Each structure stands twice: as structure tokens, then as C-alpha cells.
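**Student:** The chain contents come next:
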Amino acid sequence: MTIDKLSYHMLDIEPDKVAREVEKWVKQTVFGTFRKKGVVIGLSGGIDSSVSAAICVNALGKDNVLGLFTPEKECDIETNTLGKLIADHLEIEAIKEDITPILDGAGCYRRRNDAIRMTIKEFRDTWGSKVVLPNVLESDRLSISSIVVQDNEGNLIRKRMNFRSYHQVVASSNFKQRSRKMMEYYHADRLNYAVVGTPNKLEYDLGFFVKNGDGAADIKPIAHLYKKQVYVLGRYYELPDEILSRPPTTDTYSLPQSQEEFYFSLPFEMMDLSLFAYENGYSAHDLSEALKISMEKAERVFRDIEGKKKVASFLSNPPEIFH
Amino acid sequence: MNFSRSQLDIDVEDEIEKIISFIAETVRKNKKDGVVVGLSGGIDSAVASALSVASLGEKKVFGLIMPERESNPISREFAIEHAEKMGIEYEEVEITPVLEAFGTYQMRDRIISEIYPEYDPSYHRIKITLPDGLMDRDTFNFFSLIIDDGEKDVFRSRLKKRDLNGIIAATDSKQRTRMMTLYHRAENMNRFVCGTTNRPEMMQGFFVKYGDGGVDLEPLAHLYKSQVYQIGRVLGVPDNILKRLPSPDTFNSHVGDEEFFFKIPYDLVDLLLYSWENKVLMDQVCDVLDLEEKQVVRVYRDFNSKYNTTDHLRIMPPNLLD
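Line by line, the protein sequences give chains Y and V.
Numbers 0 to 322, taken from numbering that gives the first Met the number 0, label the letters of the first sequence in order.
Numbers 0 to 321, taken from numbering that gives the first Met the number 0, label the letters of the second sequence in order.
Derived by calculation from the structure, the hints in this document are not laboratory data.
All values derive from a computational prediction rather than experimental measurement.
Glycine included, C-beta positions come from ideal geometry on N, C-alpha and C.
Incorrect hints may appear among the rest.
Computed list of lysine-lysine pairs in BS3-like fashion (alpha-carbon distance at most 27 Å, straight line) [stated by the list, open to error]:
{"id": "1", "chain 1": "V", "residue 1": "Lys28", "chain 2": "Y", "residue 2": "Lys309"}
{"id": "2", "chain 1": "V", "residue 1": "Lys159", "chain 2": "Y", "residue 2": "Lys36"}
{"id": "3", "chain 1": "Y", "residue 1": "Lys16", "chain 2": "Y", "residue 2": "Lys72"}
{"id": "4", "chain 1": "V", "residue 1": "Lys59", "chain 2": "Y", "residue 2": "Lys36"}
{"id": "5", "chain 1": "Y", "residue 1": "Lys309", "chain 2": "V", "residue 2": "Lys30"}
{"id": "6", "chain 1": "V", "residue 1": "Lys17", "chain 2": "V", "residue 2": "Lys30"}
{"id": "7", "chain 1": "Y", "residue 1": "Lys309", "chain 2": "V", "residue 2": "Lys59"}
{"id": "8", "chain 1": "V", "residue 1": "Lys58", "chain 2": "V", "residue 2": "Lys28"}
{"id": "9", "chain 1": "Y", "residue 1": "Lys95", "chain 2": "V", "residue 2": "Lys160"}
{"id": "10", "chain 1": "V", "residue 1": "Lys59", "chain 2": "V", "residue 2": "Lys84"}
{"id": "11", "chain 1": "V", "residue 1": "Lys17", "chain 2": "V", "residue 2": "Lys242"}
{"id": "12", "chain 1": "Y", "residue 1": "Lys4", "chain 2": "Y", "residue 2": "Lys23"}
{"id": "13", "chain 1": "Y", "residue 1": "Lys26", "chain 2": "V", "residue 2": "Lys160"}
{"id": "14", "chain 1": "Y", "residue 1": "Lys308", "chain 2": "V", "residue 2": "Lys30"}
{"id": "15", "chain 1": "V", "residue 1": "Lys126", "chain 2": "V", "residue 2": "Lys151"}
{"id": "16", "chain 1": "Y", "residue 1": "Lys307", "chain 2": "Y", "residue 2": "Lys296"}
{"id": "17", "chain 1": "V", "residue 1": "Lys28", "chain 2": "Y", "residue 2": "Lys308"}
{"id": "18", "chain 1": "V", "residue 1": "Lys160", "chain 2": "V", "residue 2": "Lys305"}
{"id": "19", "chain 1": "V", "residue 1": "Lys159", "chain 2": "Y", "residue 2": "Lys61"}
The following label-pair restraints were derived from C-beta to C-beta distances [to be verified]:
{"id": "20", "chain 1": "Y", "residue 1": "Ile156", "chain 2": "V", "residue 2": "Arg232", "range": "53 to 61 Å"}
{"id": "21", "chain 1": "V", "residue 1": "Ala23", "chain 2": "Y", "residue 2": "Phe30", "range": "38 to 46 Å"}
{"id": "22", "chain 1": "Y", "residue 1": "Ser257", "chain 2": "V", "residue 2": "Glu93", "range": "36 to 44 Å"}
{"id": "23", "chain 1": "Y", "residue 1": "Asp15", "chain 2": "V", "residue 2": "Leu280", "range": "50 to 58 Å"}
{"id": "24", "chain 1": "Y", "residue 1": "Lys36", "chain 2": "V", "residue 2": "Pro130", "range": "19 to 27 Å"}
{"id": "25", "chain 1": "V", "residue 1": "Arg4", "chain 2": "Y", "residue 2": "Arg302", "range": "52 to 60 Å"}
{"id": "26", "chain 1": "Y", "residue 1": "Val310", "chain 2": "V", "residue 2": "Glu291", "range": "47 to 55 Å"}
{"id": "27", "chain 1": "Y", "residue 1": "Leu254", "chain 2": "V", "residue 2": "Arg109", "range": "36 to 44 Å"}
{"id": "28", "chain 1": "Y", "residue 1": "Glu152", "chain 2": "V", "residue 2": "Arg109", "range": "41 to 49 Å"}
{"id": "29", "chain 1": "V", "residue 1": "Met315", "chain 2": "Y", "residue 2": "Phe30", "range": "51 to 59 Å"}
{"id": "30", "chain 1": "V", "residue 1": "Cys285", "chain 2": "Y", "residue 2": "Thr32", "range": "30 to 38 Å"}
{"id": "31", "chain 1": "V", "residue 1": "Glu117", "chain 2": "Y", "residue 2": "Asp87", "range": "37 to 45 Å"}
{"id": "32", "chain 1": "Y", "residue 1": "Arg19", "chain 2": "V", "residue 2": "Arg109", "range": "40 to 48 Å"}
{"id": "33", "chain 1": "Y", "residue 1": "Asn316", "chain 2": "V", "residue 2": "Glu93", "range": "49 to 57 Å"}
Cβ-to-Cβ under 7 Å is the rule here; a few derived chain V residues that face chain Y [what the hints assert, rightly or not]:
{"id": "34", "residue": "Asn29"}
{"id": "35", "residue": "Pro96"}
{"id": "36", "residue": "Val97"}
{"id": "37", "residue": "Arg175"}
{"id": "38", "residue": "Ala220"}
{"id": "39", "residue": "His221"}
This is chain V alone, in the form it adopts within the complex:
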């Protein structure tokens, strides 16, 4: 098998055609009047919405921008710029009140205060990261909590499993509240909720069950991240969005997807994921990507473990029906 750095280059026009008919067919088959898409100001939702517009026309695509008080303020600006450019109807719904009522911030901050008693949410910012250097040493997936005061890091510590679970449990309510808000709108308009999960996220379970994973159709699930960008460039996604570094935008201190989940740059995630899925010969992988075998083995081990532990996210809940 041939394997090269341009492995994931696609015939963009052709790919767009295929996805357009998939969206139109799915909406038609289910007798819906269009789609609702959450616009995060990131590349995936920009491309998913642009494809929906190309498929259904701008009148049948509704954008929802759902910031909360810890979102990067630039996110909503980019989302609005993109929605205006596409000419779709959109609305901004601030989800902070729901999160406050749910206890998202309070529950999370209580755990953080136990770990770092000086924690003051009025000016400290937090993020959670994985160790870097995945390829160069045998790290485990230990998450760390990092707190900064706006200028410098003031605290950094590995998180205990119990505290990590508590923090993730609280912050996952952000994605789930957005899901609720999207469905409210979609059910109101007899439309489908369009998801924005790409292939690396899908394969490695980088989404919240019944949160951003709880949607009716996923037009990007087969696309590697670099392919999403290729399509985005052709469909005229604003430069601001194309140039932005991918981020989950879940914590108030900036954390990239790389730090938070993938641990290696996205173009390498793409190519290594491809070689892992397609069992490309090890020699070829090392040669083309200029990596050592033990580096590749470490990444594959990480892929395997993420794929296996997130299996339940991709299937129907187990039941005893025939």
C-alpha cells in the first residue's frame, strides 16, 4: 500500500457533492424541514453548517450560538461572522443561567478549592491537560489541573481519579445543556440537529455522550481533521476560523485539543490514525513521517486504549431485545 504525507488529500468538489446528497437524503427521509446547527466559532461547526447550506439552502439552516460566561469571547464573534456570511438565520442563547442553576461552576469550584484552598474563581483561571511528549516517553493518561492568575501559572498538580471524574461530570453539563437547547429549537421547527464530530473525535470518543454526541446526523464523522479544513477552504469559511487553533472552549484558561486530548499535533493525529486504521506497514509509517518505531507504537497504544474504552459511545445502549 502506498502511504504518503498527502494521503488524506481529497477531491474536495466530489466529496462536497457526496455529503450534500447525504444531508438532503437524511432530512427528506425523516420528513424534516431542515437542520439546526450549534455554531462554536470553530472549524468543524463552520464546515458542517456550510455543507448544510450547500445541501438545503440557507433558509433551511438555523444556527445557534450558545456561549457561557467562561467561553472565549472571540468564539461568538467568529460564529456570528460565519453565520452572516452564509446568510442563515441565527440566534444567540446565553446558557450561563442554566449552568448556574445546574450547579456546573459551583460543583467544579468546590472540588478545585479542596485541591488548592487559595483558589479564587473571580480571577484565577483553570484548565485540565494531559502530559505532552506522548511519543517520546511512556506516559500514562494522567490529567493535570493547571491554575493561572491571568499572567502566570500558580498551581499545577496531577488530578486524582475521583477529582477528575467530579470536574468532568460538572463541565460535561455544558455540552449537555447545548444539546438540550439545540433540540428545543429543532423540535420547535420540525428540524434535525446536525452534529459536528469529525473522524478522529469519533474514533477516539472525544465527545460527550448525549452532549455534543447527541445529535441526529453527523456529516463529518468520516472526515479527518485536515479534510475538514480542505472543505472549509473551498466553501469559503472565514480566515479567522481557518487559522484558529482547535480548542474545546470548555475551560476559562485556554486549552487546545492537543493539550486536552490528542497529545500530538492534529496533522500527525490524522496520518497516524489513518495508518493505524489501515494497518500501513510500520517501516513505511516511520519513513514517511520521520518517526521512530517506538514513537509510533506509543501513539498506537494510545489509539487502541481510547478506541476500546469509548466503544459504548458509538453504539446503541445494550438491551435484551432480539
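Chain Y with its partners taken away, still in its complex shape:
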């Protein structure tokens, strides 16, 4: 058997067919398997939650989909306006729950800022910050992350973090995703609804989510779709341009941070094809030709995927149980 030469066209889909299949499955799973009356979905204003919401509206009817905005004081203002935009566009009811007081109560900001000060002593609570991972394409030393802070005059300072500082920054920030999920489950339990999780295939397979945070849900309707395919569905559902054209962000740190900076080593189109190549038995050589990158870089990308997949299975699986 010959396999076709690796190319971006391999990820092409017929959106109407894909949409029909997933809508049918969502309807069957929520109303049939779960016997729930509808779904709660957190709306971030990003493409993934917007497309997931559109799928649910088509599958279950707009009266059975509740949108939730869960801003906190460090959120990008755009997140709020775009979340509102998609809820209005889909004509669904949406509730806003500011989670800042919960995060204050849990010590999220305080603990994170203390952790940043382990690396940058002069850091003040009023400054901005974000975590940046080194680009795997440049070197194999992926374990050392940096913290970038911005003082009130706009000056940037970047420093490598030690493990302890890094773990504490991430552990503290994860309160955000977990508090959001707690709020989604509150509304779902109250209404006898299911909670929708919105990871796409890249995030799901490579573990780009917080365990029991954004990784927690009763149903995950786009976990089988590459990022590019999610955009194709977004256009098929005729979502607003502002949402279709917004670059993916994590919106977890106060400074703007792209997903590429924080987790994926390549722009998402290239990441899509790399994961596809990895899963379908293509070689690093095939990947280097298709992406027009060096062999060495292609090999690094494969190693990165392999490592992340291992972590991902731990994040997704139910707890280990002794038999």
C-alpha cells in the first residue's frame, strides 16, 4: 500500500457532513444517554467554544443551551465582548459570573505573585506577567520556562524560572480554570444540564488543558477536530468575523499570551499537520518536506508530540484504580 504524500489538503473536510454527524451525536448523547435537559457551555469568545456552542444550538435547540461568561480581573476585555457577541449571535441565554472573588478567596493571585517574586524579586502586584516556554524548534531543552513581567512604565523583564517557581506559578493560575468549571457545574447541576468541554484535537491529544479544570466536562464535541477544521466549521456556521479572525490565546495571564508561546511549538496550522503526520505513520522526513523545515526541526517536533501525548493520557484518564 502506498500512502499519499503528506499535505495540508489531507485535513480538508466537508463541513456540512461533519456538522450533521456531530450534531446528531450530541443530541443522542445529551438527551438519550445522559437524559439531561440541555447543556451549559463556557463562552470565552474564542473559536473553540463558539463552534461548540453553535453545534449544541443546532443539536439541542437554542432554549436548551446556557452560555456562561466567567471573567476575572486579569481577563482580556475582548474576551467579554466577544463572548457576548457569540451568545447574541446564537440567541442563547447567557449568565455572567465574575470569578475574581473566588480567586481572591483561594489566594490565586497572591500565591502566583509570591512565586514570581522567587524569580524576580522586584515584581509588584500591579505589574503584568505571563509564562513563556522556549521554542522546541530552537533547542531540545524544553524544560526551562521563563516568566515575563511588565512594570507600570511598560518595561519588560524576562527571566528563566526554576522548577519550584514554575510549578507554583502554574499551580496558582490553575485555580482560574478550576473555578470556572466549578461555576459551570453549579449551573448544570441546578438545571439538570450537562457541561460541554471545548478542547479541539490538538489540545485534547497533546494535553493542553487543566485536569479537573477546562479538561473537565460531560461531553466534548470537537475533540476529534483539528484546529483548522474547527475554523472551517466556524465559517460553515457563519460565525461573526471578529471571532473567526481572532488569534488563539490562553487568556490566563495578565499580559497577552499566544497558545504558541505557552504550549505549542509551532503555529497551529503546522501543529495540525505535524500531529496528523505523527498519528498516521509519516516520517520526520515527510514532515520536513511538507512544512519546509529542516529534518532536525521535524524530529524535534515529533519528540515534543510524543512527550506531550504521554502527559495527555494521564490528564484525560479517570483515576488509576487498583484491581
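Chain Y is fixed; fit chain V onto it per the hints.
**Tutor:** Quick look at chain V alone, frame taken from chain Y:
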């Protein structure tokens, strides 16, 4: 098949050995530096933490005690006694501020005030129970709200589905906040969160999804409650904990696991669950447990319905991946 009242007696030493290597292997395989366990002052978390210490050594087990303003004050005392005895590092984190910010108490009390307008949270205490006498009549799983004033019950009424959902939705945030707190600590220390769910709880879905069910490993999930006690006695769990009646400790008026969920005493839950899972002949079950067939049938019906409605708690969320 033989079936007797001592059916669930185990070779405790042997069982401990097996669980110890399971914990060590799971932690090693995932390259973690130890475990974090929430200590509730109850038997399950006491045994899960003691097994972790036996497996990893006391330096690699961290205990978190997470009371809130409605917890039984004795719970934290027992938890501290046990942690001190094991010689592990532990910390007490009061979760009341998070619950207040979340609205746990306010949202729940608003619903209760609608049902009972005289409700005054400053001195009234509440609990939710299932009807007793599961074995003796055909009851359904209707939950009741009971309010007392510290001395006597002042209100009792069956809860409407909508109100029950609202109250549970609010109070489940207690378990979910504890989960968040445990993960914060575990991620900080590069450790795993150790769960404390036993077999009857696992089989009947008696845990909160992404709350106490949201953990990395569950060393007790295969053990019946009476087996957890057998291990606890050998591992030196304090008498205070061994003698205490199991309770979810979620409401401020005391409610036992039996009233709240299982509806029959735990030793009977264990044996009937075993006979249900292993399809022991009905005659034998009735004979050994001194029960009538219709009583057993009622309990099995309850098991079946709980097992089926909580299926989604035990599996990965549905998705369309191959």
C-alpha cells in the same frame, strides 16, 4: 458458590502489600514526588493516607485538612490526631472564604428560605435525607429537607426535584473547592492527588464529579467499607476514627451516610453489594443475611438504579475520537 457473613474478610497483610506496590508504582510511573491527601477525619481518608505512608514513607505524603464553617469541629481534631500519629507534614486550609465568594451558602439558603420562610441560618441547622426502611416498603428515592433548631426538628418536607438540584448544585462546590485546593498543593510539589473513594461509593456513584471524584489515583476503589476498617485497624488508625459513624460532613446538622445515601447499615450494604455483583443465589443471600426475598429485591433495585444513573461518573467523557 459459598456465601457467608465473613465473605469479605481479607488477608489484611497481603492486601496491604498489594496496595502499597500499586501506589508506589503509580507514583513512579508518572514521575511524581509523592502524594497529597485530603484528611477529613473519617476512616477512608485515614486509611488512604496510612497506606500512602506505608508505600512511600511519611516524607512523601502531605495531608490537607480543609474545614469550612459548617464542618463538624471534631473532624479536624481527628484528622490532626491521625496526621500527627503518622508523622506526616500537614496543613489546615479553611475553605470558607472561597465558598462565601462562590455563593455556596447564600445560594443554598435562598432556596431553603423559599421553602421555609422562617428559616434563620444563624441558629437553624439543615440536612437532607432519604426515606429509611428501604428494605421494608417500596420507597422511591425522594429526598427530604429537615431543619432543626439545635434541639428539635422544626421542619420536614419532601424536596421538589428543582429545589433538590439547586441545593446539591450549591453544596457540591464544597467538594470541588477541596479538589482545587488539593491540586494547587499537588501541582506545586509535583505530586499526585490521592483519592479516598471506596467500592460501594464507586459502584453507586456516591461522590462529586470533579470534586472528591477528581483525583489521580484511587487506592481504595476495590475495597468494601468493612475491608477499609480491617486495614485501618492493622495500620493503627486512631480509635476515634475507627469508632466514628461514616458521614459526608456536608450539612451542619449531622447526617450519616446511611441516611443520606445508602439507606441501610454499611455492613449490609457491603454484603448485599457483594451478592449483587457476584450473582449469589437468592436463597443463599436470604438465608445468610436473614432477610426475605422481597427485601433483597428492593435493595437490588436500588443498586441497579444507582449504578445505571451514575455510569457517566466512572468513564471518560464521550467524544468522537476513534
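**Student:** Has the hinted range 30 to 38 Å been met by the Cβ atoms of cysteine 285 of chain V and threonine 32 of chain Y?
**Tutor:** Since the Cβ atoms of cysteine 285 of chain V and threonine 32 of chain Y sit about 35 Å apart, the hinted range of 30 to 38 Å holds.
**Student:** Using the Cβ atoms, figure out if glutamate 117 of chain V sits within 37 to 45 Å of aspartate 87 of chain Y.
**Tutor:** 42 Å, holds
**Student:** Starting from lysine 308 of chain Y, check that the Cα of lysine 30 of chain V is at most 27 Å away, please.
**Tutor:** With Cα atoms ~15 Å apart, lysine 308 of chain Y and lysine 30 of chain V stay inside 27 Å; holds.
**Student:** Return holds or violated for the Cβ distance of serine 257 of chain Y and glutamate 93 of chain V against the range 36 to 44 Å.
**Tutor:** 38 Å, holds
**Student:** Taking the Cβ atom of asparagine 316 of chain Y and the Cβ atom of glutamate 93 of chain V, is their distance within the range 49 to 57 Å?
**Tutor:** About 32 Å separates the Cβ atoms of asparagine 316 of chain Y and glutamate 93 of chain V, which means 49 to 57 Å is violated.
**Student:** Check whether the Cα positions of lysine 17 of chain V and lysine 30 of chain V lie no farther apart than 27 Å.
**Tutor:** 20 Å, holds
**Student:** Verify the proposed pairing of lysine 160 of chain V with lysine 305 of chain V, using a straight-line Cα cut of 27 Å.
**Tutor:** 17 Å, holds
**Student:** Look at the Cβ atoms of alanine 23 of chain V and phenylalanine 30 of chain Y and judge whether their distance stays inside 38 to 46 Å.
**Tutor:** 44 Å, holds
**Student:** Given the range 53 to 61 Å, decide if the beta-carbon distance of isoleucine 156 of chain Y to arginine 232 of chain V lies inside it.
**Tutor:** Because 57 Å falls inside the window, the suggested range holds.
**Student:** Hey, does the proline 96 of chain V contact hint survive, CB to chain Y under 7 Å?
**Tutor:** 4 Å, holds
**Student:** Can we keep the alanine 220 of chain V interface hint, with Cβ of chain Y closer than 7 Å?
**Tutor:** Result: holds, 4 Å to nearest chain Y Cβ.
**Student:** With the threshold set at 27 Å, check whether the alpha-carbon distance from lysine 309 of chain Y to lysine 30 of chain V stays at or below it.
**Tutor:** Given that 27 Å is the threshold and the Cα spacing comes to 12 Å, the pair holds.
Of the numbered hints listed earlier, those contradicted by the structure are 3, 4, 12, 29 and 33.
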